[in-house]
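> Chains as they are written, first to last, in my numbering: chain A, 4 to 193; chain B, 2 to 381.
Note that these hints are calculated values from the structure, not bench results. There could be a bad hint or two in this list.
Stated by the list, open to error - Simulated pairs of lysine-lysine, DSBU-like, Cα-Cα distance not exceeding 30 Å:
no., chain 1, residue 1, chain 2, residue 2
1, B, K6, A, K192
2, A, K177, B, K6
3, A, K177, B, K24
4, B, K209, A, K139
5, B, K209, A, K192
6, A, K139, B, K318
7, A, K177, A, K192
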Amino acid sequence: MAMEPAVAARAGQGAASDITLLVEQAQAGDQSAFEALYRLHVGRVNALCRRMLGNPGWAEDVVQDAFVRAWLMLGGFRHESSFGSWLYRLTVNVALLELRTTKRRHSRVVTCENVTEFEKNRESTATPESALDLEKAVASLPEQARIVFVLHEIEGYQHEEIAQMLGTAVGTSKAQLHRARQLLRERLKR
Amino acid sequence: MTCGKIQQELDDFVTGRLVPAEKSEVERHLLTCRECRSYAVWIGDLDLKAAALPDTIEPSRDLWPDILSRISARPDRSAHIIRLPGRSDTPALPAPKSAGSARRGSRPLPIAAAFFVLIALSSLLTLNVQQPNEQTAWTVTGLAGTPMIGVRPASEGGSLPVGEWLETDGASRAEIEVANIGQVELRPNSRLRVLRSGANEHRMALDKGSMSALILAPPRLFFVETPSALAVDLGCAYELTVDSKGNGHLAVTAGWVALEYEGRQSLVPAGASCVSRPGSGPGTPYFTDASADFQTALNEIDLGFSLDAALGELLRKSRVRDTLSLWHLLPRLSAERRELVWERLNELLPAPEGVTREGILGLNQPMLDRWKDDLEQFWF
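Isolated chain A (complex conformation) (with noise of 0.2 Å):
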């Protein structure tokens, strides 16, 4: 994952200010101010998209989505939220369409190859094993309890947003989240 050094040097800049300036200049067309906020961002919106998904692979073809529809849509971006919220939005947007038009040509539950990431995951970032449970029991939740979960306990979403972003009854949020904590509860104590 070399980085030309430039964009190494922008990618370090963390600072609200250095991001403004680098929304900026990528509003601007600037390609390598994007790469910059890539580089900042990709960690992040990739575990987003990986436990909404609950599958590493396509995962990260979600991950491309976003960030192209990012370089799209940055033109009409305010500055009225962070770059981050902003990004991380329309990231649970793009991973939510891609959950509606793709006929389940991803497995919804763990594989052996799932748990491999994760164990993967777990080497390289020293992901205490209580957490590696629970990414895996998130994992293998049903789509619509795992992604109301990963929304409303991991993000921090309200049962009205994501009632909006889902396009359901906010009762609906509440009973998938309450479903998904029983599974937990159940899975957890295995």
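Fit chain B to the given chain A structure using the hints.
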């Protein structure tokens, strides 16, 4: 409401979103339903685990070359015609509606859900529940094997009078209903004794082994004595272990616990642990997701080993969340070392207005408390 409905409403209950009638119904239900109380605490524990998941997971390969080729092939920026999922009349991304949309770090503290349930119930207990009589016996239920009360086996629903020992062997466990304020589970190879049970104080001693406690009572009503410290319930759920040398280990899963010994106090929030040792009392509390190097250095400082080297390592490895440990260290170190801690603390989270370097180095208690009030918002 059924248990399922109650459990579904817990989030709204703890965030004050229920109408008064629903709130009352949930409160009444929680007071009488052990399963739902246990579920509330479990949610708090799950929130902690979810909050501890890594923020980032790097992809297995560099995705940028593919992204670059795609954006280079589509240089046009037609944001105005792109439709994202959701309502069809929503052309652009809605601005985040809540701080939570900025996600995890700024999420409105659901991890404290169980804690707030406990606090809410504590108020109820204070106001509405009949206070237990002096010298109330506690009820024991065997969960496995044959727990012993004194020299007799604890039968189903047996009572544990004040002054009596409850002991488990390697194959037994027991649950104790502590008057009307909560439950204690005594794990295998453990021994405890009720010291006092009355309107103003419930006190027991854990002589050895492990126990967990879920207490629904106002702060400072339930106490556990160990050979190395006194655990004071501040509205919480926790695990406490005493080893064969009398060392204690406290892990808090919801709310707060204070560990006290001869004027020394450690405040331990959910997600944090603290070790206590006979003769020296509670050590410095720390979050269990702190780095291994940080925890090792902290242990060395508590034991008085290689103080300067350990302190240097500790300060280098400290995160914002670790200000829990740094704040506790301030009065426990020499003036020279305290200054180093002050500098790191101030670097991580600058002291609020009215809190001065001189005041902190001079251990001005109101200033220490003022700073703690600010730091506490990151101790979750």
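> Do the alpha carbons of K209/B and K192/A lie within 30 Å of each other, as the hint requires?
holds (26 Å)
> Are K209/B and K139/A close enough, with their CA atoms no more than 30 Å apart?
Between K209/B and K139/A the Cα gap is close to 35 Å, so the pair fails against 30 Å, i.e. violated.
> Quickly compare the C-alpha distance for K6/B and K192/A to 30 Å and report which way the hint goes.
The hint holds at about 22 Å.
> Would the pair K177/A and K24/B pass a check requiring their Cα atoms to be no farther apart than 30 Å?
holds (17 Å)
> Holds or violated: K139/A and K318/B, Cα atoms, limit 30 Å.
Roughly 29 Å separates the two Cα atoms, so the pair holds.
> Between K177/A and K6/B, is the straight-line Cα distance small enough, at 30 Å or below?
Holds, at about 10 Å.
> Could you grab the alpha-carbon distance between K177/A and K192/A and see if it respects the 30 Å cut-off?
Holds - the C-alpha atoms of K192/A and K177/A are around 23 Å apart, at most 30 Å.
When held up to the earlier numbered hints, the structure conflicts with hint 4 and nothing else.
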